[in-house]
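Sequence order for the protein chains is A and B. When we follow full-length UniProt numbering, the leftmost residue of the first sequence carries the number 1, and every step to the right adds one. When we follow full-length UniProt numbering, the leftmost residue of the second sequence carries the number 1, and every step to the right adds one.
Just so you know, not all the hints are guaranteed correct.
What the hints assert, rightly or not - Far from chain A by the CB rule (all over 10 Å, computed), these chain B residues:
hint, residue
1, Met-67
2, Met-82
3, Trp-87
4, Arg-122
5, Val-135
6, Ala-204
7, Arg-216
8, Lys-240
Unchecked claim - Calculated lysine-lysine pairs in the BS3-like style (CA-CA distance at most 30 Å, straight line):
hint, chain 1, residue 1, chain 2, residue 2
9, B, Lys-240, B, Lys-301
10, B, Lys-214, B, Lys-301
11, B, Lys-301, A, Lys-43
12, B, Lys-214, A, Lys-158
Keep in mind the hints are simulated off the structure, nothing from the lab. Just so you know, even glycine gets a beta-carbon here, dropped at the ideal spot from N, CA and C.
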Amino acid sequence: MTKRFSISQLILLVVALALAILWLAPIAWAVATSLKPESETTKIPLEWIGSEITLDSYQLVLGTGGIVKWAINSTITAVITTFLTVLLSAMAAYGFARTQFRGQRALLAIILAGIMVPPQVLIAPLFAEMVALGLVDTWWAIILPQVAAPLIVYVLYKFFQDVPPELEQAAFVDGAGRWRVFFTIVLPLSRPVLAAVSIFTFITTWNNFLWPFLVSTDPNTMTLPVGLANVVQGTFGLRYAQIMASVVLAGLPLLVVFVLFQRQIVRGVAHTGLAGQ
Amino acid sequence: MTTTVAAPAAATPAATEAKVRRGWTQHGLLFVAPFLVIYVVFLVWPTILGLRMSMSSVNIAGTNDNMVGFDNYAEAFADPRMWRSLWNTVVFTVLSTVPLVLLGLGFALLVHHLRFVQWLWRLSFFGPFLLPSAVVSILWLQMIYPPDYGLINGTLGTDFTWLTDPSTAMFSVVLTTVWWTVGFNFLLYLAALQSIPQHLYEAAAIDGASAWDKLRSITLPLLGRTTALIVVLQLLASLKVFDQIYLMTGGGPEDSTRPIIEYAYDMGFTGYRIGYASAVSYILFAIIVIVSLAQLRLFRKRAEGSS
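Just chain B, with the same shape it has in the complex (with noise of 0.2 Å):
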């Protein structure tokens, strides 16, 4: 984006940019301070509110506000119905983490590839992802998956139990899912293919390279950036996973599809016990926080091991 930026033509650059940092310094916190209102007000103090709700007893009605210290987490350490939230949680993320990223690799492989209607590709493989959950969800629940008259059952003559049957919910619910957000990681991955320098591939050319050949030893390994970042936002991403599934099996059958944010929602918001429902919900964060900090050790790691 820095390109849109005309070239600098003053002489002493770090003079004027000092100048320019260090003028005016009166107004700096006037520039945050209306993001920082909001910041502090909708997310710095819930965080800190649903650390102390989760160590608390109070209900949805905000009464019975004891503090009961760890034992809702205590209780949700014991709870199988937490753990299997969890499980599936996990089960979703890796089911649904590996073909996101495989498939938007090789679409975009595909795309970038083709010198036809570019904005038709676009179009088809990014197209869902501009959808709300809502509209996904009810289109699939109501029009794609029904037993007959469904659009895949019905165009295959197949019987398939997609979304009523425990063994089968939580593939078609990925597959939904697959369906409509692989085409972030699809946009991703062209971009990063586009900004490849062509020499490397003019040059591999003059060597005999074949197209397996560049794809293996130029293409693949530049990705590598862009691969590690798709993975880890995916992870964050599936591991938040709640609309489609709330909206399409309810968390059933059996609790076979049920994810943690549900199962905390459902604690919370049904079962009206909001401070065991903040426990359920910082369990997840816990995970969350891990999981962010372990990825950025490692862009780190990388990051020193590639200069």
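Here chain A stands alone, though its shape is the one from the complex (with noise of 0.2 Å):
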């Protein structure tokens, strides 16, 4: 083994911590301002602690602003997203690698070929589709084009051919069907993929902002980034303190997640990145 410390390692923690306070500085700030009073949030030169430390403006923020009902429509639309993303691509990645039909082939081609379809540029006919299905203001018309992720198909796909038949094979001798030994089987199986590929899918939906921005106009039905910007983009005078209490709470669930569920975002993050390779 080597030494356990050295001059070297030394250096590189001195420039990793200076790094580190830089990165987290931003962060820090809206933090610090959240907790001044707010007539001393513009106040120059920058103090980082206020004259006093408060919560007012958090208790406002949570009192009067569409937050928490934007938070729980962000929670609901992305867990549905997720949990419906998944299941269904499991299915479809399941059935590709291990059953046989007619025109499989040609289905995995188009499936594939989607995975080029950036949804960024599909934003006005999804629009028009959904004034045509009536689903704009819904939950639906948030949740309904997500799940449409070819990506995650293509990632579980390739998982269930590396996964050896044999694992199967015993359920089949005993009588399973191939949905229980789909659902009894081979999920519980995958759960390191599941897991890494549904926190890949919430995070992705959670911040997600162009879509949910544009079919909902309903304070009622918006996501957490949506009514946020809407707030920050219709404010006379602002309330620094206020804004970044919002901003704070609004960052807060994933940063927490993210503490939580380290490794697996960690492998996720490589997992489905690495998928294109």
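Dock chain to chain to rebuild the complex, using the hints, since each chain is given by itself in its own frame.
Here you go:
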């Protein structure tokens, strides 16, 4: 083994600390501002801590703003999207990896080609479709287009292909059907990759802006990022402490999720990102 | 991820695999069907519909829907604001991709070689990536960039015009983007670094290689595939930029930051010309497909060359 501590380690540590402070500073500044009395938020020279530390802004934001409602909307839409995406993608991926049917190759090719379609360029036709279906200002308008995620199918398809068929074979011999094998053997076996894909989908959905922004004009169906953007764009005489309190509250859930699920998220990003290889 | 799977024990893997694959054929389509319905309705159909729209004069109300052939495309190619937004998109893509790849690599190398408080570095460098674009934009617009009380000018005692000057606005948007998204590349590089076999370094150490030698002749070459992947993911992500620019500058000042997605959005949703907006979108779509296919070919050539 190498030495546990050396000069080079010390230098690296100092560099890393400096960069980490630099990288965390904007977030720390948001937190610091949110804890100041409103009158001191734009003081020059800058002060990290105001004359008092107060939670007034949080109280005001939570009490009067729509932020709680938007957080609930975001949670519901992100959970439903993630559940549907992972379930339907896993079923499709399994169908492609383990069964045979007419037209299978053509269908798989069509789905893989879909990976190249950027959702951002489809906003106009998708919007027209949502108007025609009467789904504007509903959660389904936010959820359904995000469920059509060919990349997730591809990631899971690759994974299922690598699962040794012997594991399923035993269950078939015992007389279990395809569906039972899928739900009681394949899915539990795939828990790590499913967790990775779920977390990735959840993060993407929670943070999505453009599409939810287009299809929710009613404050009651808005997600957190859309509601927040509307508040800031429509506010005269900005109240910085309150805005930063909103920003902290909106950013907090995923940071907490990250701290709790660090390993899965790291794996999720690595896995989903590497799927293109 | 395959490590979670128990080692196969059966004697005739080929036979069993064939059996598992061949059985229950009639269920195959049922597994695929639910996804397929959503996929066709919300991805395939809008892709076709968008192409049709781009050749029509349809407005946001869905009326005046006459087919005009390639008129919208001809108009777009003659439209200086389309070219400006396309140019802005290219500038943003180039300016953001370089630091996002290099810093991602730098952070990963740094963290990989540190034995202390790994969670802290991961949280610091990756944390911002978890924030919604709206949160990041509002934070930087309201509290980091303002001329006097903003965190940067306030700390440094400068009065740099970040987002309000056409010559600096794009740079500022890129800076925010780098801060926000570098964590993703950082994690990809970190994962790649951790998968390099340790014995390569031990062998090099026996040969008396310095840290620099090891980096140059082991680490960087073995990161080649990851770098190629990160570059293409980054190019594709940057070409689609919208959120932070729309929220921080609205495309201004003087159109200096407006990306092509925003131009399409403006034309379609505030200018009411959905047909024209679709044509602009499909021009970007074509560019993205070309970049993807070029990358695919590059990957293939590399894979053939290395095998």
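Against the structure, the hints come out as follows:
{"no.": "1", "hint": "Met-67", "in the structure": "holds, 15 Å"}
{"no.": "2", "hint": "Met-82", "in the structure": "holds, 14 Å"}
{"no.": "3", "hint": "Trp-87", "in the structure": "holds, 18 Å"}
{"no.": "4", "hint": "Arg-122", "in the structure": "violated, 7 Å"}
{"no.": "5", "hint": "Val-135", "in the structure": "violated, 5 Å"}
{"no.": "6", "hint": "Ala-204", "in the structure": "holds, 14 Å"}
{"no.": "7", "hint": "Arg-216", "in the structure": "holds, 17 Å"}
{"no.": "8", "hint": "Lys-240", "in the structure": "violated, 5 Å"}
{"no.": "9", "hint": "B:Lys-240 to B:Lys-301", "in the structure": "holds, 27 Å"}
{"no.": "10", "hint": "B:Lys-214 to B:Lys-301", "in the structure": "holds, 27 Å"}
{"no.": "11", "hint": "B:Lys-301 to A:Lys-43", "in the structure": "violated, 58 Å"}
{"no.": "12", "hint": "B:Lys-214 to A:Lys-158", "in the structure": "violated, 33 Å"}
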